[in-house]
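*Asks:* I would like the entire structure built from these sequences, with the hints used as guidance.
Number of protein chains: 2
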Amino acid sequence: MRLTVTRVVLNSRPGNNGAPVAENFRLEEATLSADLADGDVLVRTLCLSVDPYMRCRMNEDTGVDYVTPWQLSECVDGGGVGVVESSRCGLCVEGDVVTSFNWPWQTRAVIKGSVLQKVDPKLVDGHLSYFLGAVGITGLTALLGVREKGHVTKGANQTMVVSGAAGACGSIAGQIGRLDGCVRVVGICGSDEKCRALVDDLGFSAAINYRQEDVPARLTECCPNGIDVYFDNVGGSISDAVITQMNSGSHVILCGQISQYNKDVPYPPPLSEETKETLRRKNITRERFTVLNYMNQAEAALCELSQRVQSGQINVLETVVNGIENMGDAFCSMMTGGNIGKQIIKISE
Amino acid sequence: MRLTVTRVVLNSRPGNNGAPVAENFRLEEATLSADLADGDVLVRTLCLSVDPYMRCRMNEDTGVDYVTPWQLSECVDGGGVGVVESSRCGLCVEGDVVTSFNWPWQTRAVIKGSVLQKVDPKLVDGHLSYFLGAVGITGLTALLGVREKGHVTKGANQTMVVSGAAGACGSIAGQIGRLDGCVRVVGICGSDEKCRALVDDLGFSAAINYRQEDVPARLTECCPNGIDVYFDNVGGSISDAVITQMNSGSHVILCGQISQYNKDVPYPPPLSEETKETLRRKNITRERFTVLNYMNQAEAALCELSQRVQSGQINVLETVVNGIENMGDAFCSMMTGGNIGKQIIKISE
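Those protein sequences? They're chains A and B, same order as listed. For the first sequence, full-length UniProt numbering begins at 1 and goes up steadily by one. For the second sequence, full-length UniProt numbering begins at 1 and goes up steadily by one.
It is worth saying that the hints were derived from the structure and are not from the lab. Be careful, since some hints might not be right.
For chains that are exact copies, the list does not tell them apart, and a pair is met inside one copy or across any two.
[What the hints assert, rightly or not] In the EDC-like style, the derived pairs of lysine to aspartate or glutamate whose C-alpha atoms are separated by at most 20 Å in a straight line are:
{"id": "1", "residue 1": "LYS154", "residue 2": "ASP120"}
{"id": "2", "residue 1": "LYS122", "residue 2": "GLU349"}
{"id": "3", "residue 1": "LYS263", "residue 2": "ASP65"}
{"id": "4", "residue 1": "LYS154", "residue 2": "ASP40"}
{"id": "5", "residue 1": "LYS118", "residue 2": "ASP180"}
{"id": "6", "residue 1": "LYS118", "residue 2": "ASP264"}
{"id": "7", "residue 1": "LYS346", "residue 2": "ASP61"}
{"id": "8", "residue 1": "LYS346", "residue 2": "ASP329"}
{"id": "9", "residue 1": "LYS346", "residue 2": "GLU318"}
*Replies:* Here is the structure:
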């Protein structure tokens, strides 16, 4: 039996200014054999994820060895969740919910069962898109980033600053900081609506709109005891401003540098001489955090994330659009801060 | 106000043969001021733990830098759980259940609130002694030991062997191995009753009574594909027998070496030349695992342990005795394998 599916392929790589556009992606129909080989699984896609790290997959050379480039005219892939429609793999059966980091942007797909993770919908109260965000790789990045690199200590009266704080990862990282004992968690984001969400919905102590406010002045105001932990998702001038106000012996968690991804620079992007000198003089650590190096901690951490989301200790924000035809737009919108919380694309019910 | 309490002090260190005896401990009464200083908490002890590592605390020099020796005529300490009777510390209030790794062997005590961990009885369905075992430091040692050093991989058809398998840590480690995907988990222990418990209650594939059976022959029988992971709690000749049958590129998790603790040898005890040669020739890793180096993972791991115990995926065995007057006997009994599962001493209800 053959099935007709819709998929997204890479149409072109970003142009000279580096900014991705929806036209870099192309929608097409394809046919698929539903006669499965041994070990194969036919899945129907429920939701897909778009994430900042994907920008480097649009380049011919991703610049890092843990992700591969997307190929022109080939189906794009990333985080996805779906349901098994038929299986010739012993690890899952029809009706199972499964996820993968390399899910094709395609309405249905045949995938090797061995690369799928079976997940339990009870862990997210049926809210399956959480497996791509708060109870998936994004939540793991936030929780393990804080735990591995943040040196947060209960009772130590610490202040954490999060950049990209209204994004998928930042919005969880700030809440982990609060739960782990930071007495003050300040978010930096790009709109007043995001600022309100951080404070009202996520329990941040304060929020700074970097597009409207004087970041250094507001940091001084919001962080009277300086900054002990900085969860950095953005890099660039915002990070220079934060690092300037960090305490001696404090810690930068280098999670992402979205402000630099459209530029032709290596990862992590070079710091200004002044910022390097501040790090040196104040003995501030700034260690790159790559969640894929900590996957032996995933099972326990996902359990904690699930429990904290279900108990309401962690609130989850999502921006959801419908339809595989909107993948390119959703990706480009996310790259310019169009989302609050995790950007999710619903493909089918 | 003054309170009379009963406590256990170190009466003497073990004699020349190294074996601890109940007379190394002494019970005494003491009085305690219940007028608390700022930051202090008055706790009533509910349960105490005895553990193999305590044997090295009986020596003048523990031989390792992460635990300190017990002092003659001073109150002995270790894992404990209790309830707050009054508090002048902002971190806990009357009625809270709290734990510590340095709980005095004493019926009531005044402790700095900052060294206590507040715990939620719901995590153990009210079974508070689990905070000393399966949902405490013992469970953490088992889970994190397997995850950090075991290289267990789902679908890889691996065989795990656990020594000291009916002890507090081994009984959890074997279950984690099974849950993480080992297709065969074989336990080595010291009685037929323990063997039955491993297989019938804990889901081990097979169990070997090292006091009655030919360990090498039984290992060959129980591990037809060799051994991929060895969770070692005992050391000595049992470990020599296991390592001889391990596969190339396999992994020893060096958790404890209880068979050597009464000897005057450094930790970890030296291996025989033949065993060293086997490790080298077969490229077997054998890394010491010290749970205290992984405490940034404790919160997530305890969450997973709690969930797996509550759902019945992990079964918990305990040997419980009552009364602080039995601490010394309980410790010595545990050191010679008198317990099945965690040895707990109930001090009050």
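*Asks:* Please go over all the hints and tell whether each is borne out by the structure.
*Replies:* Hint check results:
For the identical chains of this complex, LYS154 and ASP120 are inter-copy neighbours only, at 17 Å across copies versus 32 Å inside a copy, given an alpha-carbon limit of 20 Å. When the C-alpha separation of LYS122 and GLU349 is checked against a cutoff of 20 Å, the pair qualifies only within one copy, where the shortest distance is 17 Å, while the shortest distance between copies is 35 Å. With identical chains, the CA atoms of LYS263 and ASP65 are at most 20 Å apart within one copy only, with a shortest distance of 18 Å there and 49 Å across copies. For a Cα distance limit of 20 Å, the shortest separation of LYS154 from ASP40 across copies, 17 Å, qualifies, whereas the shortest one inside one copy, 48 Å, does not.
Taking the shortest Cα distances, LYS118 and ASP180 sit within 20 Å of each other only across copies (14 Å), while inside one copy they are farther apart (29 Å). With identical chains, the CA atoms of LYS118 and ASP264 are never at most 20 Å apart, being 38 Å at best within one copy and 50 Å at best between copies. Taking identical chains as interchangeable, the C-alpha atoms of LYS346 and ASP61 are never at most 20 Å apart, the minima being 29 Å within one chain and 63 Å between chains. Taking identical chains as interchangeable, the C-alpha atoms of LYS346 and ASP329 lie at most 20 Å apart only when both belong to the same chain, with a minimum of 13 Å there against 63 Å between chains.
Taking the shortest Cα distances, LYS346 and GLU318 sit within 20 Å of each other inside one copy (12 Å), while across copies they are farther apart (48 Å).
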